[in-house]
Amino acid sequence: MLFRKSPDFALVLFLILISGALSVTPAQQKKSIILATTTSTEDSGLLDVLIPVFERSSGYIVKTISVGSGQALKMGEKGEADVLLSHSPDAERRLVERGFAINRRVVMHNDFVIVGPSADPAGIRNSGSAAEAFSSIARQKALFYSRSDSSGTHALEMKLWQSAGVNPEGEPWYRQTGLGMGQTLNVTAEKKGYTLSDRGTYLSLKRTLGLDTLFEGDPQLLNIYHVMEVNPARWPGVNHTGAKAFADFMVSKEAQKIIRTFGVEKFGSALFFPDAGRKDMERF
Amino acid sequence: MDLIAEGLRKAFELIVSMDREVLGITWLSLKVSGIATLISVGIGISLGMIIALTSFPGKKIVISAINTGMGLPPVVVGLFVTVFLWRNGPFGFLDLLYTPSAMIIAQVIIATPIVMGLSVAALQNLPPKLRLQILSLGATRWQMVWIMIREARLPFMAAVMAGFGGVISEIGASIMVGGNIRGYSRVLTTATVMETGRGNFDVAFALSIILLLLVFSVNYLFTMIQQRERPR
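Sequences listed follow chains A and B, in order. Numbering of the first sequence is given in this note's numbering, commencing with residue 1 and proceeding in unit increments. Numbering of the second sequence is given in this note's numbering, commencing with residue 1001 and proceeding in unit increments.
Treat the hints as calculated values from the structure; they're not laboratory data. For glycine and all other residues, C-beta sits at the position ideal for the given N, C-alpha and C. Some hints here could point you the wrong way.
Said to hold, decoys possible - Derived CB-CB ranges, DEER-like:
no. : chain 1 : residue 1 : chain 2 : residue 2 : range
1   : A       : Lys78     : B       : Val1016   : 44 to 52 Å
2   : B       : Glu1021   : A       : Ser118    : 31 to 39 Å
3   : B       : Ile1004   : A       : Pro236    : 50 to 58 Å
4   : A       : Ala119    : B       : Leu1079   : 38 to 46 Å
5   : A       : Pro172    : B       : Asn1067   : 39 to 47 Å
6   : B       : Val1075   : A       : Lys191    : 24 to 32 Å
7   : A       : Pro236    : B       : Thr1054   : 43 to 51 Å
Given only the sequences and the hints, what does the whole structure look like? Please build it.
So this is what it looks like as structure tokens:
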């Protein structure tokens, strides 16, 4: 018969391959958690250390999706993530108030720094405040690179421009990269501009950058990371048990100890400071 | 110059030491893009054949659509696949987002029009009377199809290579639907972007070299098959 002589190889092959494609995904799907987080936790390498510890002790598989805090919170709002780790306090509080996330807990902090070329053309080194440093940059029309990706860093940057009384939008010296922190630092270094960076990412990239810390220490520059669980009452599809296990782990003694020592060996100083359970951080 | 020398050294180091993580990433790239290419070859060649060998109203429009699909931007595919696979999207119940399977689906969508478009062109390039000749010699319909495939095998292999080249090097879709999850959905292209973001240019450079070597080896293999029994 026709079919014996020349079987429809393509069809047979196709069916085999479709089943092959589906079998690539391991069966333990149900035990996975989607963690939406900011680029700084991933780019600094902290999660590469923390997540394997959690996976070993809990048996969950963590799928880390590292995007800007803005997008991470949006994923939580749409029920596309189970647990959120971000550093955009104002936006986080709004998310909790609107009932999309629950159990917001402080995990750690570090701070933001204003970095730039060591020549410091805008002379921000001796500024009295972060806002003053920003207004010097605007006055001198020195190149400034903005993340412009609705990340936590971008949110703070916008706040600082506001307190400096400057609207940088559309100015020729104000460049918007739309990239993560690591890549924005690379662009800034290449173009000898200024940018606002979290200390963790800056320190982990410092050796290749050639940018100096030109301004630091303003309380406005505090960078606080919170963990939140996506509200299962709002989105019944989320893996809330897994999310809670991960959030509990982040504030556990074990994780807090790893955070305290992370980076000390490689960069000479810690990149993050553990804060779990601190009452004085509640105002953020 | 330092960076290039350093990158080459690092690439050599990573390959020679058979770094487990890099090996895993390389293997996943090959697996995802290989399976995606095979599926798109299955769909692309069979549908391409039907389109090329039959006549129907609107055939030119269909072919134009396929040719447009050959330039489908991976990020656009990535965005659509993500929206469809979202938990609360139409196919959310499959629980496929951020898995290698999702990457395969996206890559199939990218590669299929490439394979199909080139297949249609390959078949239309055969002498138009060949088909009548085969049939007049008493071949059945399926035998005719088989002979046509054999006749066009050189351009068909070119179609396979183009499809594979398109998906192994793409990043936009892989990073969106796969999520670049360590040890799970991280492939060579997404790892390169991440290492660049981390300022590890030497590792990024090494990964690029490994990717180039991989693409070269696979294409060398395909070329060997393509040129094996070249008609004299």
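We went through each hint and held it up to the structure:
| no. | hint | result |
| --- | --- | --- |
| 1 | A:Lys78 x B:Val1016: 44 to 52 Å | holds, 45 Å |
| 2 | B:Glu1021 x A:Ser118: 31 to 39 Å | holds, 36 Å |
| 3 | B:Ile1004 x A:Pro236: 50 to 58 Å | holds, 53 Å |
| 4 | A:Ala119 x B:Leu1079: 38 to 46 Å | holds, 42 Å |
| 5 | A:Pro172 x B:Asn1067: 39 to 47 Å | holds, 41 Å |
| 6 | B:Val1075 x A:Lys191: 24 to 32 Å | holds, 25 Å |
| 7 | A:Pro236 x B:Thr1054: 43 to 51 Å | holds, 49 Å |
The structure fails none of the hints (numbered hints given earlier).
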